[in-house]
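J.: In the numbering used here, each residue's number is its place in the sequence shown (first place is 1) plus 34.
Misleading hints may appear alongside valid ones.
Stated by the list, open to error - Distance windows between CB atoms, simulated:
| no. | residue 1 | residue 2 | range |
| --- | --- | --- | --- |
| 1 | I169 | L57 | 10 to 20 angstroms |
| 2 | A222 | D269 | 42 to 52 angstroms |
| 3 | A359 | E241 | 17 to 27 angstroms |
| 4 | L43 | W82 | 45 to 55 angstroms |
| 5 | K259 | R305 | 12 to 22 angstroms |
Since the hints were made in silico from the structure, they are not lab data. Heads up, the beta-carbon is just placed ideally off N, CA and C, and yes, glycines get one too.
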Amino acid sequence: MIYLVGLLLVVLLGIAIAVAAKLQKVMGSTQSESDAPVPNNKVNAALWMVFLVAGSVAMVWSYLASRDAFLPEASSPHGRETDSQFWLDMGLLTIAFFIVNFLLFFFSWKYQYKKGYKATFYPENHKLELIWTAIPAVIMASLVFLGFRSWTKIMADAPADSQVVEIMGKQFGWIVRYGGVQDNKLGAYNYKLITSDNEMGVDYSDEASMDDFINPSEMHVEVGKPVLLKIRARDVLHSVYIPHMRVKMDAVPGMPTKFWFIPDKSTEQMRAELNNPNFDYEVACTEVCGRGHFAMRLRLIVEDKASADAWKQQQKPLLSTILEANPKFISKIPEKLRAKAMNYAPYVEEADSTTASTGSAAAASASMR
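All chains, please: the whole structure from these sequences, using the hints.
T.: And the structure:
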């Protein structure tokens, strides 16, 4: 290791000597006659213009060539507004980019070194300074105002008739909870109640939670009706991303977030529009959350009201699933609500009666002995 460090020091010393020698040569040349010809000066100036033209052509080509990879038109009103704002910003920035870079490269060619040419001293021009300060300031202020207006509209409170869906991120997947078909109302939750049985921490002291159901593989929403996503995370930072709806919001542990949107193109409409019978909307995670981050995908199905209602009718309440796996979970439900809970798991009553019969038989047998 010592020899390697020594070798590196020798190499660095050699480079330093070479740089110093070159610097001395350059300084000496600058002190010579100022009108001395500069080698390859015209070639270098011409190359600036070649690079300007070639770079501009390459930029235009790269944009046109990648258009097929762009997302299609947004499937939500706020998404289309967001896209319009984005392309307005990009258009203005692109114009400014080409103007600035054209002048930069053009001036490098136009004002190349020429024998006998002397630079003009141009101390100030208040009118020009006012123009190049005021115009960008007005444009930037307008963009900020338009962006703020769009953001305020997007982040406003969801309409009262919204479909309310809760989505929770965990390593490495999504769990979606819906209000049950009986009350169509999402019940409360408490992170302290999260167990292997109740992985979303649904609070069954809230009567509205009784008929809630979950789905870890797909989300169903009604086309044309606002959807309010209530977002949370169970372990680390995640991010809900629905690209075709232009929906993106972080899922933060301990800090519930939300986002609402209107899906105005059904899955079938998008399949026809894209001529792709296999197309599906998806909910993805855009926050790197561990080794299995790539697998955090959830199928999103946008359909008409009749289809969405029919799908909900087929779903099994989470409470039924929990009690089926662990009948003793009934003891965690407040006594005043246990009778209602039994409606979602009639087999629990049978299990209790079986247990009671077994216990009575065992007691009788013991007394006979």
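J.: Determine for every hint whether it applies to the structure shown.
T.: How the hints compare with the structure:
1. I169 to L57: 10 to 20 angstroms: 42 angstroms, violated
2. A222 to D269: 42 to 52 angstroms: The hint (42 to 52 angstroms, Cβ to Cβ) is violated, given that A222 and D269 are roughly 21 angstroms apart.
3. A359 to E241: 17 to 27 angstroms: Roughly 22 angstroms apart at Cβ, these two residues keep to the hinted range, so it holds.
4. L43 to W82: 45 to 55 angstroms: 39 angstroms, violated
5. K259 to R305: 12 to 22 angstroms: The hinted range 12 to 22 angstroms holds for K259 and R305, with Cβ atoms some 20 angstroms apart.
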